[in-house]
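Work the whole structure out from these sequences, hints included.
From first to last, the protein sequence lines are chains A and B. Take the first sequence: its position 242, counting from 1, is numbered 242 in the UniProt record's numbering, and each next residue is one higher. Take the second sequence: its position 111, counting from 1, is numbered 111 in the UniProt record's numbering, and each next residue is one higher.
Read the hints as simulated data drawn from the structure, not as lab findings. Be aware that one or more of the hints could be misleading.
[Unchecked claim] Short derived list, chain B residues pointing at chain A, Cβ under 7 Å:
no., residue
1, Arg94
2, Asp103
3, Asn109
4, Arg113
5, Arg152
6, Gln267
Where is the CB? At the ideal position from N, CA and C, for every residue including glycine.
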Amino acid sequence: MAIDPATPDTTGTGAIREAGGDVPAAVGPDGRPAAGIGPYRLGLRRLRRNKVALAFGALFLVIVVLCLAAPLYADHVAHTGPNDNHVTEQVTVRGEQKDVVSPAGLPIGPTWQGRFLLGADQNGRDLAVRLLYGGRNSLQVGFVATLITMVLATIVGICAGYFRGAVDGVLARILDLIWAYPVVLLGIALGTSLALGGITIGPLELSGNSLYVPAAIIGIVYIPYVAKPIRGQVLGLREKEFVDAARVQGASSLHIMSREILPNVASTLIVFLPLMVANAILLEAALSYLGAGIQPPNPSWGTMISDGIRLIPSAIHLTFVPGAMLVLAVLGINVFGDGVRDALDPRARVRISAAREEKISDEAMEATVEH
Amino acid sequence: MTAAPLLEVEHLQLYFPIRRGVIVDRTIGHVHAVDDVSLSLGEGETLGIVGESGCGKTTLSRAIVRLLEPTGGAIRFRGREITRAGRRELAPVRRELQMVFQDPQASLNPRKRVGQIVGAPLVLHGVKGAAVERRVRELLGRVGLNPEHVNRFPHEFSGGQRQRIGIARALAVEPKLMMLDEPVSALDVSIQAQVINLLDDLQDEFGLAYVFVAHDLSVVRHVSDRIAVMYLGKIVESSPAEELYTKPIHPYTVGLLGAIPIPDPRQNRARRRLVVAGEPPNPIEPPSGCRFRTRCPRATDVCAAVEPQLTEYAGGHVAACHHPLNVTDAEIAAARRSPLSPLSSGDQLPQPHASLPGGDAAEVAAEG
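So this is what it looks like as structure tokens:
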């Protein structure tokens, strides 16, 4: 083999142009090499081209903003709170005096004006106000639950995949235990028991009607759905040579897990994030509908549907309004989440959709629709 | 080798257990990946380790840097025993003992910028702040990369450039010994030459010692002071670099040399070669006696019965063969048992040529 010491080494300075086809421009406007383009920047570019996903993301964002603005709406437009009772009152609709709730017990329909914009429920409460406040609760539970799922699933998944052996065995059995129950069934069981007693974990005390009880339940129920794929990914990553390289440098296991492995599963976590929010919102609605989630009189989309179900023939707006809101919110974040996934991790498409179709969405959906 | 060697490996064994079982795993056998290997390396020296796939050379290099737990034997670095040292005990050794990996793609974390990758060992060994950044730029420049590229990601570099990043990372903490695990196998031939030249320059500049693992005798020829040939977990021959090419003693080495193509087709066709046929035997149950006997054209009964000792000939040339090539009877008579010999080997000197049928194969090898 010819090893010619005189061969000039040009690969060092020519840099990126030789590196491969789809690498973007290497040189910044001032002629100096630009900072590298990371996987997230590339993903963001791809996402920006996906107009549909962005539109649905915007839809979800609008819903979130509206729900956050609920107190403003209640104070300045509707002039009533989410739990304020107006059964005996009357309201002026286009110059006409109408009962908020008729003597027969039928609530007023949409008035399309400040007060009772979307009508009232059978207790004479402003449906629009309750819708927004309910959205706050639903979204809050959804986000908190997702946060719990993500944090715990990441820790469990990385530990199980990294340490393997006994640690993996114990963690995997616990996950299997959670996985073995249908999510809704487990949610109801935990929900009804915890709603009575509340949770006490050390200094942390949650009363039974706290918002964080359903959030904790939903968060825990979904852990296996995220932890298992993470574990699988970590099993592969830990054998990569860059992990060996870190070990040769003297890195501890904690360092390797947090600095070498975590950044590599981060994109999976980001992909899971919107999908888990959607699932958590759906499961919250299902549990609240069944009385195991947010406790009345606190509004949530699920409890509102549950409240209105008996009046479907005469006052369909009671179920239709929160139902439509639920569908729009979940649809928005789901489509956006799909866009994020395609942008960030094109290869994950098969993996995730398979897991999702099997388990998550079906059960939660069925539960909300069935009754 | 003068003074105290930088690295000493004595009778190192590394077996991978094979477990099988329905509920409780039982160990039903072992893969003898590294079986009683001894070697030593002085400061600034290069030891080439060559052998075919699965002979245990990568396992050996990983065991030396303690990525794998040795089953038996001892590893000493500057006289300090590190065979069983824990992570904290190893920390000062890690500073001087670094590794460059085979796959430049897999050995760089795709989610980290080059600056973070090269700076990681510095940070782990307590360097802080702007000093890291300065050192990283200096290192990148030294290995022939543009220091402005610190913020790039590995996927933005070519294979050769990535391997330079891996070298810069290993170089960061100013090691004394670098394990090079097939550092150029994944690269194009032209790039291989550049990287090898870089390694050569770095060795001169920093007084590095290398253990250079390769499956290709032609690659290690130019960089090695000594070359060891491994077969099925054992060292079968070890000699000063040039001598291995001009005077190979072990039939396996001769076979390996014969596998190097000569760039002239007429010469290539004309030469007589000792062809090593077949596959290496199963390392779970290696053959008795000499492990090469199942594929060796010169094997006799003694090869099955007695494991050959490593015989030390003149000039520090060591080979484990009962029927050596390219040595005269006088040389055999002057040889002695090498202290590097496996513990289980017999202690008889190789047999003189007269006792061997078809001793003419001796001429086969001696060409570059």
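Structure-based check of each hint:
Using the Cβ-Cβ criterion of 7 Å, the hint placing Arg94 of chain B at the interface with chain A is satisfied: the shortest such distance is roughly 4 Å. Below 7 Å, beta-carbon pairs count as interface contacts, and Asp103 of chain B has one with chain A at about 6 Å; its hint therefore holds. For Asn109 of chain B, the suggested interface contact is upheld, since its CB lies about 4 Å from the closest CB of chain A, less than 7 Å. For Arg113 of chain B, the interface hint holds, since its Cβ comes within 7 Å of a Cβ in chain A; the closest pair sits about 6 Å apart.
Satisfaction of the interface hint for Arg152 of chain B is found here, the shortest Cβ-Cβ separation to chain A being roughly 3 Å, below the 7 Å cut-off. Hint status for Gln267 of chain B: violated, given a least beta-carbon distance of 16 Å to chain A, over 7 Å.
Checked against the numbered hints given earlier, the structure breaks only hint 6 and satisfies all the rest.
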